[in-house]
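Colleague: Spelled out, the chains give:
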Amino acid sequence: MATITLQEIAHSYTGASTNPDDYALKKLNLTWRDGGAYALLGPSGCGKTTLLNIISGLLIPTDGRVLFNDQDITRLPTEQRNIAQIFQFPVIYDTMTVFDNLAFPLKNRGRSRKEIEPRVIALAKMLGLEKDLGTRAQHLTADAKQKISLGRGLIRQSVNAILFDEPLTVIDPQLKWELRSQLKYLHKQFGFTMIYVTHDQTEALTFAEQVIVMYEGEIVQVGTPEELFDRPAHTFVGYFIGSPGMNIIPCLLQGNQAVVDGHRIDLGQHYPDQPASAKTELGVRPEHLRLGPADEGGLPVRVVKVNDIGRHRIVRVALEGRELNVVVPEQSEIGGERAALYFNPDHTNIYLNDHLLTGERQ
Amino acid sequence: MIAKQTNQKAWFMVLPVFLVVAFSAVIPLMTVVNYSVQDTFGGNQFFWVGMEWFRDLIHSERFHDAFLRQLLFSGIILLIEIPLGVAIALAMPKKGWGVPVCLISMALPLLIPWNVVGTIWQIFGRVDIGLLGHSLASLGVNYNYTQDPLAAWLTIIVMDVWHWTSLVVLLAYAGLCSIPDAYYQAAKIDGASRFAVFRYIQLPKMQRVLLIAILLRFMDSFMIYTEPFVITGGGPGNSTTFMSIDLVKMAVGQFDLGPAAAMSLVYFLVILLLCWVFYTVMTNVGEESRKGGN
Numbered sequence: 015m016a017t018i019t020l021q022e023i024a025h026s027y028t029g030a031s032t033n034p035d036d037y038a039l040k041k042l043n044l045t046w047r048d049g050g051a052y053a054l055l056g057p058s059g060c061g062k063t064t065l066l067n068i069i070s071g072l073l074i075p076t077d078g079r080v081l082f083n084d085q086d087i088t089r090l091p092t093e094q095r096n097i098a099q100i101f102q103f104p105v106i107y108d109t110m111t112v113f114d115n116l117a118f119p120l121k122n123r124g125r126s127r128k129e130i131e132p133r134v135i136a137l138a139k140m141l142g143l144e145k146d147l148g149t150r151a152q153h154l155t156a157d158a159k160q161k162i163s164l165g166r167g168l169i170r171q172s173v174n175a176i177l178f179d180e181p182l183t184v185i186d187p188q189l190k191w192e193l194r195s196q197l198k199y200l201h202k203q204f205g206f207t208m209i210y211v212t213h214d215q216t217e218a219l220t221f222a223e224q225v226i227v228m229y230e231g232e233i234v235q236v237g238t239p240e241e242l243f244d245r246p247a248h249t250f251v252g253y254f255i256g257s258p259g260m261n262i263i264p265c266l267l268q269g270n271q272a273v274v275d276g277h278r279i280d281l282g283q284h285y286p287d288q289p290a291s292a293k294t295e296l297g298v299r300p301e302h303l304r305l306g307p308a309d310e311g312g313l314p315v316r317v318v319k320v321n322d323i324g325r326h327r328i329v330r331v332a333l334e335g336r337e338l339n340v341v342v343p344e345q346s347e348i349g350g351e352r353a354a355l356y357f358n359p360d361h362t363n364i365y366l367n368d369h370l371l372t373g374e375r376q
Numbered sequence: 018m019i020a021k022q023t024n025q026k027a028w029f030m031v032l033p034v035f036l037v038v039a040f041s042a043v044i045p046l047m048t049v050v051n052y053s054v055q056d057t058f059g060g061n062q063f064f065w066v067g068m069e070w071f072r073d074l075i076h077s078e079r080f081h082d083a084f085l086r087q088l089l090f091s092g093i094i095l096l097i098e099i100p101l102g103v104a105i106a107l108a109m110p111k112k113g114w115g116v117p118v119c120l121i122s123m124a125l126p127l128l129i130p131w132n133v134v135g136t137i138w139q140i141f142g143r144v145d146i147g148l149l150g151h152s153l154a155s156l157g158v159n160y161n162y163t164q165d166p167l168a169a170w171l172t173i174i175v176m177d178v179w180h181w182t183s184l185v186v187l188l189a190y191a192g193l194c195s196i197p198d199a200y201y202q203a204a205k206i207d208g209a210s211r212f213a214v215f216r217y218i219q220l221p222k223m224q225r226v227l228l229i230a231i232l233l234r235f236m237d238s239f240m241i242y243t244e245p246f247v248i249t250g251g252g253p254g255n256s257t258t259f260m261s262i263d264l265v266k267m268a269v270g271q272f273d274l275g276p277a278a279a280m281s282l283v284y285f286l287v288i289l290l291l292c293w294v295f296y297t298v299m300t301n302v303g304e305e306s307r308k309g310g311n
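As they're listed, the protein sequences go chains A and B. Going from the first sequence to my numbering is simple: count from 1 and add 14. Going from the second sequence to my numbering is simple: count from 1 and add 17.
Be aware that a few hints might be false.
[Stated by the list, open to error] Below, simulated DSS-like cross-link-like pairs (lysine-lysine); rule was C-alpha separation at most 30 Å, straight line:
1) A:K121 with B:K266
2) B:K205 with A:K139
3) A:K202 with A:K190
4) A:K139 with A:K121
5) A:K190 with A:K145
6) B:K111 with A:K128
7) A:K190 with B:K205
8) B:K111 with A:K145
9) A:K128 with A:K139
[What the hints assert, rightly or not] Computed list of chain B residues with no C-beta within reach of chain A, every gap over 12 Å:
10) I174
11) A199
12) V226
13) L232
14) F285
Just so you know, the hints here were simulated from the structure itself, not pulled from any lab data. Yeah, the Cβ is synthetic: ideal placement off N, Cα and C, and Gly gets one too.
With the hints as extra help, turn the sequences into a complete structure.
Modeller: Below, the structure written as structure tokens:
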């Protein structure tokens, strides 16, 4: 058990370089609290797995240090770090039985049979593998194989952290849900530090207390699921989290108003003037927009399309050629082609060069 | 009731296959069968002898010796070449400029024609002019493959190892390269020792290619002819007279067509039997992995 600190970590697969584009992971600092449940969220190729492999020691970072508590372990080999890691695709030892597969990490560390056996049986029960303990792992289905991989990650009780690298990709949705709840339960029961890599926002938001969003080798936001939803620190977080993602439209700032194609939108906050070269954008979640009947105030918009997705409807509207998504309740009437759009000042964010800009309350 | 229309045209379609198989396999084999039940004293006169030659062969000490020699040779070859090939494959680099260098130098012995290999080693081992033979002699080692059966065996075995281990290396290397990185990473996480990685990851993943390697090396070494013929001609005495050499001696040297034909057939059946055994084993292994769902 340890607090894991990443100091000035950067990694380039082609070796140290002066070109920042060579870096798969750009300089980052991060602390993982002992016993926390974290999710690393980001699109494929954003450096999530690289970061994970640096923590587990499968990769030595080009720059920076990794600390467990206060001990520098940057160059310590994986075997000595006491880390468990589960990979995207099942890794099993074909010729061993399920029992031996699960017991393997303990056996390698010289534990006695007496200690191993009850532990393996308890874990197998939890994963629903107790009937297969005696069969050769090779003959099982992909689901069961991935359960074995998971089991090998969970068998040791005193690990510093358990790293999950998109472990549920190959598992079917029903079982996915079940296994994820079991992981949460295990986390509560044993207090392992868990770091869960995924590109699936639902998985990240349901699993973790803290979500770290990565984009192109950088951490763009660290926060609770609520923070990520309400105050995305970067336009990418806005897009990536939420379904549909945040509406982002270019605007000009004028004091406490944003100007979009001549229409003024109240922001409730005062923003300093920006130079003309700066990219200023307005971001608003579809859930925080409201539609009303046309010609009674609000911004005039044209209704382009209505998608009914069950609990609510997503209306695509055009404001002078810029399309936005609006989430409206199931019962609401969308009358005709024209409507009026209302913004909620509390939930309208302003981005300067993709980063969240905070104004002054008035 | 409408009479069922039958069409026999399909037979003509298979006819070419029948012809090809007849001329390439059945007819030549039948001439051998024909010889094996007859005797001749020259002048193209043949007499029916029935199963006589087969009975002689089964009780012939010469045949037993050649057969045992053959089995011993193949056994030794497998015991050396398979572990050695795997060991070399494990030691080969996985990336960088070393890969093509190793692969090409490994493939070189395989490109040399068999009788050239024989000639190379025949000269290499000669005590008067060969690098190996002369060096050993000047070191005081009593090495002469033309007189000492042990030296002859050693020469042929070392030659075969030199010639064919590469094949095992290439096959094993291909097997090793197909193991995804995740397996090695998982092994590190699980704290597996180097031996455990070999025993539980590399060896099981190489199982299929190793079976092919064993099959190929067994069949090839069981039929070996050219190299021992060039180096020792089956001697000294009969010490390196393997089955194929014995067969040629009998058929071409002594011109005993009948017994040689009988021996050919038995040799052929033995190889056929071994092929069947290997094929069964291999397909069973294939079945087993298919049942795994992956």
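Colleague: Next step is simple, just say for each hint if it's right about the structure.
Modeller: Cross-check of the supplied hints:
Distance check on the hinted pair: A:K121 and B:K266 sit about 60 Å apart at the alpha-carbon level, beyond 30 Å; violated. With a C-alpha separation of about 26 Å, the suggested pairing of B:K205 with A:K139 holds against the 30 Å cut-off. Pair hint A:K202 plus A:K190 holds up; C-alpha atoms about 19 Å apart against a cutoff of 30 Å. Among the hinted pairs, A:K139 with A:K121 is consistent with the structure: their alpha-carbon atoms are about 20 Å apart, no more than 30 Å.
As the CA atoms of A:K190 and A:K145 are separated by approximately 20 Å, the hinted pair is consistent with the 30 Å bound. Between B:K111 and A:K128 the alpha-carbon distance is near 40 Å, which puts this suggested pair outside the 30 Å criterion. For a cut-off of 30 Å, the pair hint linking A:K190 to B:K205 stands: about 26 Å separates their Cα positions. Pair hint B:K111 plus A:K145 does not hold up; C-alpha atoms about 40 Å apart against a cutoff of 30 Å.
At roughly 18 Å between alpha-carbon atoms, A:K128 and A:K139 fall within 30 Å of each other, so this suggested pair holds. The claim that B:I174 lies off the interface holds: its Cβ sits roughly 32 Å from the closest Cβ of chain A, which is beyond the 12 Å cut-off. Its closest Cβ contact with chain A, about 5 Å, brings B:A199 to no more than 12 Å, contrary to its assignment away from the interface. Residue placement check: B:V226 keeps its beta carbon more than 12 Å from all beta carbons of chain A (closest about 15 Å).
With a least beta-carbon separation of about 21 Å from chain A, B:L232 lies farther than 12 Å from that chain, consistent with its non-interface assignment. The Cβ of B:F285 sits about 37 Å from the closest Cβ of chain A, beyond the 12 Å cut-off, so the non-interface label holds.
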